[in-house]
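Novice: Respectively, the protein sequence lines represent chains W and B.
Mind the numbering: the first sequence is residues 1 to 300 in UniProt numbering, read in order.
Mind the numbering: the second sequence is residues 1 to 264 in UniProt numbering, read in order.
Treat the hints as calculated values from the structure; they're not laboratory data.
Honestly, I wouldn't trust all of these hints.
SDA-like mimics (lysine to any residue), calculated; alpha carbons at most 20 Å apart, straight line [as the list claims (entries may be wrong)]:
no., chain 1, residue 1, chain 2, residue 2
1, W, K155, B, Q111
2, B, K145, W, A245
3, W, K155, B, G143
4, W, K155, B, V119
5, W, K155, B, E18
6, W, K155, B, T116
A few chain B positions that, by computed beta-carbon distances, are all more than 12 Å from chain W [what the hints assert, rightly or not]:
no., residue
7, D88
8, A91
9, L171
Predicted model, so just to flag it, every value in this text is computed and none were measured.
Note that the Cβ used here is the ideal one computed from N, Cα and C, for glycine as well.
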Amino acid sequence: MLSDIALYGAIETGLIYGLVAFGIYISFRVLDFPDLTVDGSFPLGAAVAAMLILAGWNPWIATGAAILAGMAAGAVTALLNVKLNILNLLASILTMIALYSVNLRIMGRPNVALLTEETVLTPWYDLGLAYHQVPVVLFVIVVLVSLILLWRFMKSETGLAMRATGANARMARAQGIATGGMIVLGVALSNGLVGLAGALFAQSQGAADVTMGVGVIVIGLASLIGGEAVITPSTVVRALIACVAGAIIYRLAIAFALNAEFLGLQSQDLNLITAVLVTLAIVLPGVRTSVAAKLTRKKA
Amino acid sequence: MISATDLRLTFGKGTPLENPALRGMSLTVNQGEFVTVIGSNGAGKSTFLNALAGEVMVDSGKIIVDNQDVTKLPTHKRAGRVARVFQDPLAGTCEGLTIEENLALAIKRGQRRGLTAAVKKEYMERFRSSLSSLKLGLENRLGDKMGLLSGGQRQAVSLLMASLTPSAILLLDEHTAALDPKTAAFVLELTTQIIEEQKLTALMVTHSMKQALEVGDRTVMLHQGEVVFDIEGEKREGLEVKDLLGLFEKQRGLEIDDDSLLLD
């Protein structure tokens, strides 16, 4: 069984990846824009927040700056696609690669420690909660607020225009929607959320590292697809809840897999397990329908 | 009012597939007129409509809508004046959105979109009453996903969406061609009804000469990217398909070889 600390740790990272999954939901699902920028904007958020905190800024303002940095990165990807007609996937890879240099420049070295600094979590340790519970409580609040804001936005006139852009761009244009502008706004919003996730991750782990973004896109996708398998995303709010649920389930699954000694897995197997889980999440719904189809055919 | 002057457009310029789609198209549609446009495959009907809507940019010529030169404006900047129904019944609506969300998108056509809720209570009365005019029972299914509707139902809703806010011109691009005959007749009847009731200015492209003569009050025939004839009023009364063919042959000294124009 998992220890309390491992359990809370899994939920804590799950909540952070829930924010990443929100971002990926906007790009992959709402806009139909496969965006890999997140592998760069996650450490970007971490780097910006870490350096500003080290420079003595209020940690919440530093976190806000991380969101803006993430949004800027997303906007670059979207503009490469919309204005210069670079294929969306390629545009995002270009930004992601560029961000590696940018992140090293921002930090001035490959990693920065925050262990002794005041972070957004610091005041919460005085509330009398167990040490490992504090991040979970704060991140639940952040995720809930983000979920509600995002849900309201998707139901707004602009949000609806964004959803139409991804679903049927020709129709959206005919309704007077500037589809290019919507793509820029959406991809920026998406990476802003990922920047927020990176900033919170750095503060809860006590460090920002230039390589911490590797594979974030896959984990986010795993959360999104896994969540959709558990909660059918028939409405916006269900899709958003599925993102968080998927991220937490994913982290718990990883924690159990690494804890189950009979499997003999070690932490370096993480990426392999992730790839297997994503493959299963993608393939299983299809298998389920084809099995169901076979069964009904037999009956008939 | 909408006027197109000497529109020229060549696809694939300088390639072996060079295709002059518009070769000096000129047409003026007056306020309140309902013009039907016919022509064989490749006559430039769809390209002309796409040029008016802004989906393709012409090489030369001028497009004026309500006294404003829109020749260089992209689709979304013309959308406030130009309403449109596509040939593909699935193209005019978003299947992942609900009926009310689709209508809410259309009620804001060409206007600024803000951060207030898209589907507003004050729209509901209007949505319900316009949907009930379709007599499809959709007024009770506002929260249903568009994807649950049939092609004909979706085309009827597209038509409704195009007429929800005022426009200088309504473009109908063979919007009944992809429907079965019964549904096509229903959508066509709905079209004439909406155009009459709201006194809309409309341009309807059709593949059927019969349809072109039956509805509307003016008929234009395109051939090889220009207008070959343009008839209205008394001259058009009582005209039949064979008269149209005669007219065409006289004008061009050509025989129509496109069977699909003669069928139905």
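Novice: Now, for every hint given, state plainly whether the structure supports it.
Specialist: Here is how each hint holds up against the structure:
Of the pairs offered as hints, the one joining K155 of chain W and Q111 of chain B holds, with about 17 Å between alpha carbons and a cut-off of 20 Å not exceeded. Annotation: proposed proximity of K145 of chain B to A245 of chain W is violated, straight-line Cα distance about 25 Å (limit 20 Å). For the suggested pair K155 of chain W and G143 of chain B, the alpha carbons sit about 13 Å apart, so the restraint of at most 20 Å is met. Straight-line distance between C-alpha atoms of K155 of chain W and V119 of chain B comes to about 8 Å, which keeps the hinted pair within the 20 Å bound.
Annotation: proposed proximity of K155 of chain W to E18 of chain B is violated, straight-line Cα distance about 46 Å (limit 20 Å). Taking the CA atoms of K155 of chain W and T116 of chain B, the gap is near 8 Å; set against the 20 Å cutoff, the hint holds. Distance check on D88 of chain B: its Cβ comes as close as 9 Å (rounded) to a Cβ of chain W, failing to clear the 12 Å threshold; non-interface status is violated. Distance check on A91 of chain B: its Cβ comes as close as 6 Å (rounded) to a Cβ of chain W, failing to clear the 12 Å threshold; non-interface status is violated.
The claim that L171 of chain B is not at the interface with chain W is violated, since a C-beta of that chain comes within 12 Å of its own (minimum 9 Å).
The structure shown violates the earlier hints numbered 2, 5, 7, 8, 9.
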